[in-house]
Amino acid sequence: MSVWVYGEQKSELGLEGTITRKIEEDLYEVFIGPQHPGSGHMRIIIRIDGDIIVEADPDMGYVHRTMEKLAEGREWIKNVPLFERMAIQDACNVTVSYIIALERILDIEPPPRAKYLRTLLCEINRIAAHLYGFGIFGVFIGHSTMYMWSFADREVMVELAERLTGARLTHSYPIPGGARKDIPQDFPQAARKAVRYFRRRLEEYRKIFLDNPVTRKRLEGVGIIPKKIAAELGVVGPVARASGIKYDARLAEPYDAYDEVEFEVPVFEEGDALARAWVKFEEIKQSLRIIEQAVDWLERHPREAPIHDRFWAKSPPLWKKVFEAEGRVKLLPLMANMKLPPGRAMARSETARGEIIYYVESDGKSTPYRVRIVSPSARNAIVFKYIAPGYKVMDLPTIYGSIDYFPPEADR
Amino acid sequence: MAGIIDLILSIIFYPPIYQLVLVGLTGSLVVVIFIIWFERKATARVQRRLGPYHIAPRLAGLPQLVADLIRYAFQEVIIPRTADRELFVLAPIVATVLSILPIAVVPLTSNPAYWPIPMDYSILVALALTTVSPIFLIVAGWASNNKFSIIGGVREAFVITAYEMIAIMSILSASAAVLTFNLVEIVEAQRIWYILLNPIAFLAAFLSVLMATSGFPFEIPESENEVVAGPFTEYSGLLYGLNMGAAYMKRFAFSILMVLVFLGGWSPYTPGEGILSGYLIPSLIVVAKAAILMMIFSLTRSIYGRFRLDQALEGAWRLVFPMAVLGFGLALLEAYLGVM
Amino acid sequence: MPARPVVKRLPARRGLFAGFKGNVDAITIGLKYLVDPKRITLIYPNEYIKLDPGYRGFIVLEPKKCINCSSCARICPAAAMRMIRRMEEDPKTGKKKMKLWPVINYQRCIFCGYCVDVCPTEALYTVPYHDIVYENMAEMDWGLETFVKPPEYPTAKEGIPVKYIVDEEKGLVKVRAEEGEEE
Amino acid sequence: MDLAQARKIVEEALSGIEARVEEGRGFIEFIVSKENLVEAASRLKKAGFDHVKSLTVVDYKAEGKFKIVYYVSSYLNEDLAGVIVGIGTEVPRDNPKMPTLVYVWRSAEFQEREVFEFFGIDFEDHPDLRLLLLTPQVAEKRPLRKDFIVKEEPIIRTTPPTG
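Here the protein sequences come in this chain order: W, D, E and F.
Under the numbering used here, the first residue of the first sequence is numbered 87, with each subsequent residue one higher.
Under the numbering used here, the first residue of the second sequence is numbered 189, with each subsequent residue one higher.
Under the numbering used here, the first residue of the third sequence is numbered 891, with each subsequent residue one higher.
Under the numbering used here, the first residue of the fourth sequence is numbered 3, with each subsequent residue one higher.
Keep in mind the hints are simulated off the structure, nothing from the lab.
Using N, Cα and C, we set each Cβ at its ideal position, and we do this for glycine too.
It is possible that part of the hints are untrue.
[Unchecked claim] DSS-like mimics (lysine-lysine), calculated; alpha carbons at most 30 Å apart, straight line:
#: 1; chain 1: W; residue 1: Lys478; chain 2: E; residue 2: Lys911
#: 2; chain 1: W; residue 1: Lys425; chain 2: F; residue 2: Lys67
#: 3; chain 1: W; residue 1: Lys332; chain 2: W; residue 2: Lys471
[As the list claims (entries may be wrong)] One side of the interface only, derived from the structure: several residues of chain F facing chain W at Cβ under 7 Å:
#: 4; residue: Phe29
#: 5; residue: Ile30
#: 6; residue: Asp52
#: 7; residue: Lys55
#: 8; residue: Val60
#: 9; residue: Ile86
#: 10; residue: Glu154
#: 11; residue: Ile157
Modelling step: build the complete structure from the supplied sequences, incorporating the hints.
See below:
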């Protein structure tokens, strides 16, 4: 007597779940989504036996844009704005690994200043994306205050990102060999203020949301993913780290400035929805630390164009003048239809929701031969199928919110 | 001339009419509008935003709810072809009427001339009437013939079974303490408000009323993330407005009952003779107290999320029900010691 | 190796009063904000945000600087900026010549600012606003005549310009843009 | 651990199976024959590579083949976490069929469904081979194959602007 997941018993997979009788027919099939206040552009078809989910089938693709194909028709740099539309609140994180893959094919390394700038924006984006996730999570379990608060506080990070890049969300910030803009003069001060504000504010979040007895009761022991199963299902990001997997792309293969800044990767072992929320919560704290360090570094070091010499050394004097005046790195016209040498590269970066992987293949033309993107939400979608069965219908939003599933990112 | 005015007044203040139509329908409508506005404003304050604003910023957006009401009233009522037509239309109407019915049987004054019914068993009658309306929410869910509605209706049924016992027990603890079913005597007996003598019963009553009216953290039947709007998924227009308003009206009825039982009713005022001091003022005091109580109810929205269904039931049976029993025991003890 | 994984435990919650304390904490925080809301709402359009000069808003062409190189059209990721052909008279020789000029289609523009950055003569510049409403889609497809002058910003006529500054206590604080006073 | 060490480990694990080694920047991949794929994958899994990061298919139209590579890495073995190893095979473009690796790596399930709809590669014995992202009409065109061309607009515009 156990929950069945597509012909296999859930207990055989080593997953826990509420025991129910096996029912051949008489299942109530409920379509949750896609036109649904909770789920966004995603449908989960669940079959329920009483209040217990016996089968869940994630039905994705409502916002699919075939980015991999579109990328094949566009010049290399044009793909950055395209790819960041996967997760606009996490724009730098999802595109930086594409840029790193390009840099690997070009065989160039960005200057340290560019690395720190990118790291800075990545962490600002990470906090913003985590807050976004928290907000959605809050609304999923009926906590509207968390929703409003995290969206209001996300505004602080969006404001910082706006001052850094000139755009609130779709920054298109990293470019092959560097970054597009240096920090404005008053940025470090504002960033430090924001960091201090967040440190204090997170305590309030904890009190009203994470340690709120109602919330805690709702999250504890829901959607448990044991460590072994987490590895088997290949989940990423906070979902994996909440299950005790010590994996973070920033740790496994440090990119940008992540091998120089000091931070911790919080890992929890409980594997339930509460642990996943706490991973994100602790990660925000670590991101604040990284922001502080990055800002300090940027302030200490002289302002110089954060771009590789290959794109800067031969640039006309106007380029330097604009950089002096506005901190803006102008692009060489060759950037538009730059030809990459033939080669293949892979790069990964840790977005807020987990690791994103780009496989880039160049055949020497100005457009990619093939770009393969595996986004974190796409890898986490499998959780619905294997973890949700056995829990109650009201646990579905909890699981959905706790893995911070983001349909546009999964659909690509 | 004076005779005509007297006649009109005596018709208006004929207790069943006054309590059902003026306090019940009109009063609850006004209070509900005010409370929904207050709830939105208070939640907005906690959530660092403005809330209703653009309709009359000087009144802090108060007419917004009137505008909403007008919108509901003039929206097209869509009845799905697969729904059970008669029940679909009837259920919200009956539920709304029944949710304010308890107001028609409670005393709003100690002056016997203005009692709507003989008061000897009024607390029992009022409590009995509160238990009728939720059935029609289940009927609404069933008549909609929609999966979300049915799930919501079933949830509602679960929640009813959980809160009803608690509500009845905790409110009846007052009559255990005073040894009467007469609401007037219960009110009169409160030299000290009963809430101070028996806070446990009050807390149990508070929680059960939250459950009864789908307040946070027990907003389970309409939990929008899984079941869209629960029993009301298929509703639109005025019927939807009735459905949503019914919960608040029910809360109003419960609040009046709680005010009478726990918060001293019309005290500190002593009703005198005549319509004005014998009926209007004490009833207004009761309504005002009920409104304040409802304002406290509405603060939970901004602090709590919602429980899972089984957790709410578990909490109700394991925590709140013993609490109600304890409150009842305390009431008996107080009766034995003769505190009240 | 400065970064390291750290195994953490969820804060324990045992004992009779743990739930009580949690409730009290939550309610206290709620009431604190009920008394002192610390709002950050922007009452748009009565107020509007005055953006920094570096903001990537609408793009304007300075035709005098333009060298008709079509770099901007080449780099535009959304194909919003494209070149049109125009017969023009050369002021020196008086000969008629075909010239390429960029035009922009704001139905498509994603405000990435690549065109501004790639322009070899800084002939393109951004204005720090982008909330402009058009009555129909056709109007958003700018011709050269529209492209050379900054678009009218109607919000600026109706509302009060405000600015958000990062604050340690409240996160963001809304201040009047000109005076710099706190509201 | 760097790629050279990883290469040694994988070569050890794959001993006896003929594999073509290809190195890219940031990864290393082993191309085996279709028949040996399941065996090779199971050995890699035993060696500690416990999840699939990316199932990448590249359509080499000129050579008439698809290259299907499962990029795997490890969660449980922290030494291996730093490397990405590919294990793959090549199938002809006409009639692309290959065994599924779902039973080796459960994490490949959704990605195999994705590859199925985008390239039309049939994974034999896959437990649940349905469309994942696309509608049937679009999936029929196999959008990621090189025959499916998305045209970008030319930079010179012939229609006059309307505004």
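So, going through the hints one by one against the coordinates:
Annotation: proposed proximity of Lys478(W) to Lys911(E) holds, straight-line Cα distance about 28 Å (limit 30 Å). For the suggested pair Lys425(W) and Lys67(F), the alpha carbons sit about 25 Å apart, so the restraint of at most 30 Å is met. Between the alpha carbons of Lys332(W) and Lys471(W) the distance comes to roughly 24 Å, so the proposed pair stays at or under 30 Å and holds. Interface restraint check for Phe29(F): the shortest CB-CB distance to chain W comes to about 4 Å, inside 7 Å, so the restraint holds.
Taking 7 Å as the C-beta cut-off, the interface hint given for Ile30(F) is violated, the closest approach to chain W being about 10 Å. The interface hint given for Asp52(F) is met, as the beta carbon of that residue sits about 5 Å from the closest beta carbon of chain W, less than 7 Å. Satisfaction of the interface hint for Lys55(F) is found here, the shortest Cβ-Cβ separation to chain W being roughly 5 Å, below the 7 Å cut-off. Against a cut-off of 7 Å between C-beta atoms, the interface hint on Val60(F) holds, since the closest Cβ of chain W lies about 5 Å away.
The criterion of a C-beta within 7 Å of any C-beta in chain W is met by Ile86(F), whose closest approach is roughly 6 Å, and the hint holds. Taking 7 Å as the C-beta contact cut-off toward chain W, the hint placing Glu154(F) at the interface holds, the least distance being around 5 Å. Among the interface hints, the one on Ile157(F) is violated; its C-beta lies about 10 Å from the nearest C-beta in chain W, farther than the 7 Å criterion.
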